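Asks: Protein chains in written order, with the numbering used here: chain A, 1 to 269; chain B, 1 to 269.
None of these hints come from the bench; they were simulated from the model.
Hints may contain errors.
Under the rule of at most 20 Å between Cα atoms (straight-line distance), these lysine to any residue pairs were calculated in the SDA-like manner [stated by the list, open to error]: (1) B:Lys223 x A:Pro90; (2) B:Lys223 x A:Glu191; (3) B:Lys19 x B:Val154; (4) B:Lys19 x B:Ser45; (5) B:Lys107 x A:Ser133; (6) A:Lys66 x A:Glu254; (7) B:Lys223 x A:Pro134; (8) A:Lys66 x B:Asn220; (9) A:Lys107 x B:Gln24; (10) B:Lys107 x A:Glu191; (11) B:Lys66 x B:Gln194; (12) B:Lys223 x A:Lys107; (13) A:Lys221 x B:Gly222; (14) B:Lys107 x A:Gln24.
Partial selection, computed: residues in chain B whose CB lies under 10 Å from chain A [what the hints assert, rightly or not]: (15) Val87; (16) Ile89; (17) Pro90; (18) Tyr219.
All values reported here derive from a predicted model rather than from experimental measurement.
Backbone N, C-alpha and C fix where the C-beta goes; we use that ideal spot for every residue, glycine too.
Number of protein chains: 2
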Amino acid sequence: MQQPIAIFDSGVGGLTVAKEVMRQLPREKIIYFGDTARAPYGPRSLEEVKEFTEQIVNYLMTFQPKMIVIACNTATAAALEHISAQVSIPVIGVIHPGSRAAISATKTGFIGVIGTLGTINSGAYSAALKQLSPFVQVYSQACPDFVPLVERGVFLDQEAYEVAQQVLAPVRSYPIDCLILGCTHYPFLTEAIQAAVGPDVKLINSAEETAREISTILYNKGKLALTEDLPVHEFFCSGTAEIFQQIARQWLGEQIKLTPVLWQVSRMM
Amino acid sequence: MQQPIAIFDSGVGGLTVAKEVMRQLPREKIIYFGDTARAPYGPRSLEEVKEFTEQIVNYLMTFQPKMIVIACNTATAAALEHISAQVSIPVIGVIHPGSRAAISATKTGFIGVIGTLGTINSGAYSAALKQLSPFVQVYSQACPDFVPLVERGVFLDQEAYEVAQQVLAPVRSYPIDCLILGCTHYPFLTEAIQAAVGPDVKLINSAEETAREISTILYNKGKLALTEDLPVHEFFCSGTAEIFQQIARQWLGEQIKLTPVLWQVSRMM
Numbered sequence: 001m002q003q004p005i006a007i008f009d010s011g012v013g014g015l016t017v018a019k020e021v022m023r024q025l026p027r028e029k030i031i032y033f034g035d036t037a038r039a040p041y042g043p044r045s046l047e048e049v050k051e052f053t054e055q056i057v058n059y060l061m062t063f064q065p066k067m068i069v070i071a072c073n074t075a076t077a078a079a080l081e082h083i084s085a086q087v088s089i090p091v092i093g094v095i096h097p098g099s100r101a102a103i104s105a106t107k108t109g110f111i112g113v114i115g116t117l118g119t120i121n122s123g124a125y126s127a128a129l130k131q132l133s134p135f136v137q138v139y140s141q142a143c144p145d146f147v148p149l150v151e152r153g154v155f156l157d158q159e160a161y162e163v164a165q166q167v168l169a170p171v172r173s174y175p176i177d178c179l180i181l182g183c184t185h186y187p188f189l190t191e192a193i194q195a196a197v198g199p200d201v202k203l204i205n206s207a208e209e210t211a212r213e214i215s216t217i218l219y220n221k222g223k224l225a226l227t228e229d230l231p232v233h234e235f236f237c238s239g240t241a242e243i244f245q246q247i248a249r250q251w252l253g254e255q256i257k258l259t260p261v262l263w264q265v266s267r268m269m
Numbered sequence: 001m002q003q004p005i006a007i008f009d010s011g012v013g014g015l016t017v018a019k020e021v022m023r024q025l026p027r028e029k030i031i032y033f034g035d036t037a038r039a040p041y042g043p044r045s046l047e048e049v050k051e052f053t054e055q056i057v058n059y060l061m062t063f064q065p066k067m068i069v070i071a072c073n074t075a076t077a078a079a080l081e082h083i084s085a086q087v088s089i090p091v092i093g094v095i096h097p098g099s100r101a102a103i104s105a106t107k108t109g110f111i112g113v114i115g116t117l118g119t120i121n122s123g124a125y126s127a128a129l130k131q132l133s134p135f136v137q138v139y140s141q142a143c144p145d146f147v148p149l150v151e152r153g154v155f156l157d158q159e160a161y162e163v164a165q166q167v168l169a170p171v172r173s174y175p176i177d178c179l180i181l182g183c184t185h186y187p188f189l190t191e192a193i194q195a196a197v198g199p200d201v202k203l204i205n206s207a208e209e210t211a212r213e214i215s216t217i218l219y220n221k222g223k224l225a226l227t228e229d230l231p232v233h234e235f236f237c238s239g240t241a242e243i244f245q246q247i248a249r250q251w252l253g254e255q256i257k258l259t260p261v262l263w264q265v266s267r268m269m
C-alpha cells in the first residue's frame, strides 16, 4: 500500500499546497484535512492553534502517512517545532520553503512578507529569513481581511481586487523586489495581489515552494512514490461540506472525494 | 569549529554552485575542489568519472564536511548513488534539484535539457524527470563545445554567442517552455544561451536550485550554520592555478584563497 502525504490547514488554504503536490508529484497520494469548523486560525492565540494542530496531527497519523505537511502559516509558526519533536516522520511547514525561495529570488535583499496577524506577530518569517542570511531586510504586513474572503469563495470577484488595493497600499511604498505570500490562502488571490503591488514585485507562492521541498525531502529519504497507477486523494473537513466542496472543485478543477468528520475535541498525544 | 560544505567539480563549473551557496547561505563555510588537471569530464567514460569522484570525495572527507556537493552533472550521473552509500553525511548532486525546479516551472510539461555528452547519454535527467511526473516530455541535447569555452575563460566574448547560436539551433525547434542548464559550467554562458533560445524559454539554473536544496536539507537536519562571523572559504585545484584564479575572481567578484594540490592518483575507499 502506498503511504500518503498528509496535508492540513485551518480551511481551504492548504488546497493551494495540495494542488501543487498534485502537479509536481502526481504519483503521490494525498490525505487532506481542513479544519473549516474552526477557521480562521489567524486571529487565535498561538497556544490555541498549537492545541488544534496536535489534535489534527493525531487524527492524520491514523492514516499512517509518510510525511505531515502543516499547510498553514499560522499553525507552522505555532507548532512546527513541537510537532516535529512528537512524531517520527518528517513534518514540513510552509514558512521555511517560502523564505528560501525569497532568498533565492531577491536581487536587492529587500523582502516583503504578508500573512495573518498570528503569523506576522510571531516574527517567524523574519527569524527564518535572518537565520539564512544576515544581509536581508524584511518588511512585514498583516492582512487579516484576506482569509475570510477566500473562505467565502470570493477570490476572483471585484471585491477581492478592491480589498487588495486597500490593504496593500502600505506595501507599495516598501523598497522590496519580492513579496512572500505568507499564508496558504493567498495564492487564491494572486491576480488581485499582483495588481495591487504592481508588476515589478515578484510574488513568492509558498504553496509552490512547499510542494518542491516535499519533493526534495522525500527524494533524499528514498520515499518518493514510484507507482504507475495515479492515486485517489481523500479530503476531510470539520465544518459544512458545501462551501469546501465548491471551492475545492473550483481550485483543483475536478470533483473531489470529501468526507465531513465529526470533530472530537479532546487532548491527545 | 564550523563544519564546512564540501563542493567539487571537474573544474570551474562548480563555482556557479559555490557562488549561489555564498549568496543564499552566507554563513556557510565552503571547501571547494576543482579537478582542473583532468577536466573536462564530459567526454570520459562514466566508470572513469566514478573513480575520480571517489578519489575527490576521499580527499574532501579529510576536511570533516557536513555535506558533500557533487557540483558536476557528469559526476552526479556517474557516482551520486555510489558515493551516497559510502559516506554517512548527505551527498547532493545537481541533477535532481534542476529537475524539480523544471517540474515546478513548466506550464506545458515540455522540458528541454542541455548537458555534456556523458550527462545526456546517461539519461539521468530524463529518468529523474519521469520519476517525478509521468506527464512531462523531455528533449535533450549534448553540447560538448560549451565546457572548453568556459574553462578557457571565454564566456562573455562574441565567440560564446556564436557557438551558442550554432550549437543550440536544434533546441529552437523544440516545443519547450523551460530549458535545464544541465551542466554547472553553463550558467557562465547564461546570456549567450538565452540569446540563442529566445526570451520565451525559461532557463533553469541548476546551480541556483542546488544551493536552495542544500539549504532545505541542512535546515531539515538542523545543520544550518548559525555563526555571526562570516566564513573564509578555501579553494583547491589539481591543475595550474592561474586560469582558475582568474575565472574565480571574475565570477565571484573577489579574490579567493586558492591552494593547488599535488594530486595523488590512487584508489581509495
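Asks: So which of those numbered hints doesn't the model satisfy?
Replies: When the structure is compared with the hints, numbers 2, 4, 5, 6, 11, 12, 15 and 16 turn out to be violated.
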